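*Asks:* These protein sequence lines map, in sequence, to chains A and B. Under the working numbering, the first residue of the first sequence carries the number 1, and numbering increases by one thereafter. Under the working numbering, the first residue of the second sequence carries the number 317, and numbering increases by one thereafter.
If you are wondering where the hints come from, they were derived from the structure by calculation, not from laboratory data. This one's a predicted model, so the numbers in the text were calculated from it and none came from an experiment. Incorrect hints may appear among the rest.
Claimed, not checked - Covered by chain A, per the in silico footprint, the following chain B stretches (three or more residues, Cβ under 8 Å): (1) 421 to 435; (2) 445 to 456; (3) 686 to 693; (4) 821 to 833; (5) 864 to 871.
Claimed, not checked - Example chain B residues on the side facing chain A (calculated, C-beta under 8 Å, incomplete): (6) 322; (7) 460; (8) 877.
Glycine included, every Cβ here is placed at the ideal spot set by N, Cα and C.
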Amino acid sequence: MIGSFRQKFRNWAFRRTVETGTVVLNQRRIYILPTRQGFAFAFVLVLMLLGDINYNLSLGYVLTFLLATTGGISMLHAFRNMAQLEIHAGQIEPVFAGEQARFVFHFNNPSSLERHQIHLHDDDGHHVVFDLPAQTSTPVQFDIPAPQRGWLDSGRLTLHTEFPLGLFHAWSYIHFDVRCLVYPRPAAPQPLPAAAMQDGNGKLPTRGDEDFAGLRNYVAGDAMPRIAWKALAREQGLQVKQFSAFQGQELWLDWSQLPDIAQERKLELLTRWVLDADVQGLMYGLRLPGGDVLPQHNAAHRAECLRRLALFGGEE
Amino acid sequence: MKLNAALTFGLIACILLVSAPHAEHLPLWISTVCVALLAWRAYLTWGGYPLPARWLLLSVTVACVLAIAVTFRTLFGREVGVALLILLSTLKLLELKAVRDATVLIYLSCFIIITNFFYSQSIPTAMFMLLTLLVIMATWVHMQTGTLALRPRLRIAIVLLLQAIPLSLIIFVLFPRVQGPLWGMPQDAYATSGLSDTMAPGSVSKLSLSDAVAFRVAFNDTVPLREQMYWRGPVLWDYDGMTWTRGNNATLRQPTLSDTSLPVDYTVTLEPHNKRWLFAMDMPAKISISAEMAPDFQLLSRRPVTARTRYDASSLLSYRASLEEPPQQLQRALTLPQGYNPQARRLAAEWRVQSDSPEALIRTALAYFNQQEFEYTLEPPPLGINGVDEFLFETKKGFCEHYAGSFVVLMRAAGIPARVVTGYQGGEFNELGGYFIIRQADAHAWAEVWLRERGWVRVDPTAAISPERIQNGLSSALPDNAALPFMARNPSEWLRSMRLNWDALSNQWNQWVLGYNTERQFAFLTRMGMEEITWQKMALNMLAGIALLVGVFTLVMLRRLAARRTDAVQAAWLKVCRKLEKAGLPRAPHEGPMDYAARIAAAHPDLAEDIYDIAARYASLRYGGEAEQDGLPAFKDAVRAFKL
């Protein structure tokens, strides 16, 4: 209840729209408040001042005022540590669900002043700390777990610093129009379906053992005879041999041909097959309820197939 | 953030620096334990060893607290508090793991600095404070930045401090001062040496070895002669054959001065001495702070002087003092202990018979001291039970307390009321500061006798033996090989003037920084042209001053932020781009110079040659590694010549 109220208040107080392009941190975007340590320091100063008054310690007054003004002026330094930074979002590579989405932000520090200990974090506690050398643009990678397929929005991120004394917390919000495409999580390895023959009898063929198609990493459950012992001897790690009966033929990965399992499982299975078919160098096509992707074999095709799977059932 | 070795060493340095000045007055074992604990921590950090176990630290802590309780016989009070604070922060360092806890240590360090001001607030202490603050700030910044190198850390700390200094100066001047104390005053302000209210042989000469400042005096206009500068302290009446004490005055009647002339006005800045008496020249008439005047012209403050005190006083150099002294008091001034010093009594009785007036008798006595080859020395031989007899007839060597004491004994034995006055005599003039320094070494004792027509008259028997002591000070009165404080000797002129300049500086510091109280603040602000001073007005002025200064800092700091390195190559290239943009051919953000040139050339074949040339020069300067001084002028010319 209180949490949601706070959230509402924050959204109201720090209202920001999603931004594109380059954001410059100006004074209207930077907020400053004392930290808990700042309040503790103020308390210590009050104690000191009482001592100075009571014992009439003139030098004590000097020390107290020096500490107080140092603390106060550190607010200005905290502000300056963030001011005039130019930020724009970088290219984001798609990831598979369950992996970390790697958002990249480019922080340009155009001034001749090094910036120290800038923290970037989101509301869920993911966090990265970095320094920004003078007159340099620094890419900062910010990892957010991508639990499910589709578009992953970075959400509103908070940029903060407590430099130089930790007495003041200067922060700013950035919310860029960037999203990471998250492919479905690939299912556990499954043999590829038999090629949908030209005659299209629709019968799922038995495992194709005919032709050696390549190696892939071992996954628990793979049959022992399939392990590539020679590769292991060459110290290439535990790999399994893959065989295919459909070399040179077109393979259709067809949604409608799948057994009756949950939609997400189907997508995961298709994702696995797209990856395997790509590794094996097959000409493969994807047949989904929304439309077909004609058989091909190249990186762009793979990306397109995965994208279709990622966004299946949702908006573009 | 992890607590790394460099940060730990910084924290050790902080604790070491803030505790070091306390080593002077803390028991030796506490300093030793602290140094050992810090060294232990440094060793653990240096070798990367784990911190000591909790139970071990706990037992060390308990042992230390117990030892402190045993040493001081209490766990309360300022001295104990300081000892505990230092020991506990040292122990805290030994269990420190997280950076968050380091903040506590930083705050503690700041607090320990302030405790040092109970003991010293001199200029060197202030300098040391600044140094300590710098180290603390650098460590503090380190805590926040983790990996930053020492030099930039120090730079940040220095910038912070340099900005804070003018700001705190404003606050220092304008912060409304509250006259303390808010709660109990410290009883033991400073451990001092100084005059006491008893006098026995050796008590004054002991002080002559100290060149500590007793007080400083600035005369308003007339500066009296050195021979007239008798700074009156405790007046001693009662004698037990060995020691002179103040006793109890038999009357509460205020002393009176008549036929006065030659007034002198001056300001005294008295160093704290933990006793009630205030010093003023013979005879004091007025004083600006609340004090009572005892029946024997002694000024007593209401409370012991535990802080440096400044007061204006005025004295009269010519006077008749207490002509109407009550008989009980005169009786006190004639009392001698029975059975002591028979020889002196006989001598006094003889003089009484021979002399026809008290004045004549006094002259006889002084002549006796002058002609009997008495010696003025800091190291008189020890005296027995009949001290005055031994001194007058056998040893004949003494310091001012011997002369003053035996003179008063002689006078009393001869029937003239007399008393001993202790205080200081003379002073050293500081030309730079325009004031006199009166040191402990100037401590002196003299006598006062009461004559029917003249009241109390000062008689200084020391002047009869050693007039140089009164006219020129101690060093001229003593042989060259006598043990004397450094300052009292006449070292080289250069050293001497150095010392005096330093004292003048310290005096200014004392007056304006340490003595900056409500009164001084008002005086200063009035002089600065502020009218009708109220604390609201001061606070407003203070805030305005701070705002102004912070505004200036902000401007300067943010200006630096905006200042980009001017890149001539880039600037010239952008000029070309702007020209083309105006012509409707803006450069796309992703376009490199050569691509852009190709596009322009395709659109405007007439420009092709120029734009290719410019782009090639730009690329060569920017990416080709061509030195700027070689290619830049030609590039600039080409840009200038480029026209659409």
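*Asks:* Each hint needs a verdict: does it hold in this structure or not?
*Replies:* Cross-check of the supplied hints:
1. Counting residues of the region 421 to 435 of chain B whose CB lies closer than 8 Å to any CB of chain A gives 7, so the stated coverage by that chain holds, three being the minimum.
2. For the region 445 to 456 of chain B, the assignment as covered by chain A holds, since 4 residues bring a beta-carbon within under 8 Å of that chain's beta-carbons and 3 suffice.
3. Check result for the region 686 to 693 of chain B against chain A: violated, 0 residues qualifying (beta carbon to beta carbon below 8 Å, three or more required).
4. Beta-carbon proximity to chain A at under 8 Å applies to 5 residues in the region 821 to 833 of chain B; the threshold of 3 is reached and the given coverage holds.
5. Note: the region 864 to 871 of chain B has 3 residues with beta-carbon separation from chain A under 8 Å; the three-residue rule is met and the coverage holds.
6. For the restraint placing residue 322 of chain B at the interface with chain A, the shortest Cβ-Cβ distance is roughly 16 Å, beyond the 8 Å limit, so the hint is violated.
7. For residue 460 of chain B, the suggested interface contact is upheld, since its CB lies about 5 Å from the closest CB of chain A, less than 8 Å.
8. For residue 877 of chain B, the shortest C-beta to C-beta distance to chain A is roughly 5 Å, which falls under 8 Å, so the interface hint holds.
In terms of the numbered hints stated before, the structure departs from hints 3 and 6, listed from lowest to highest.
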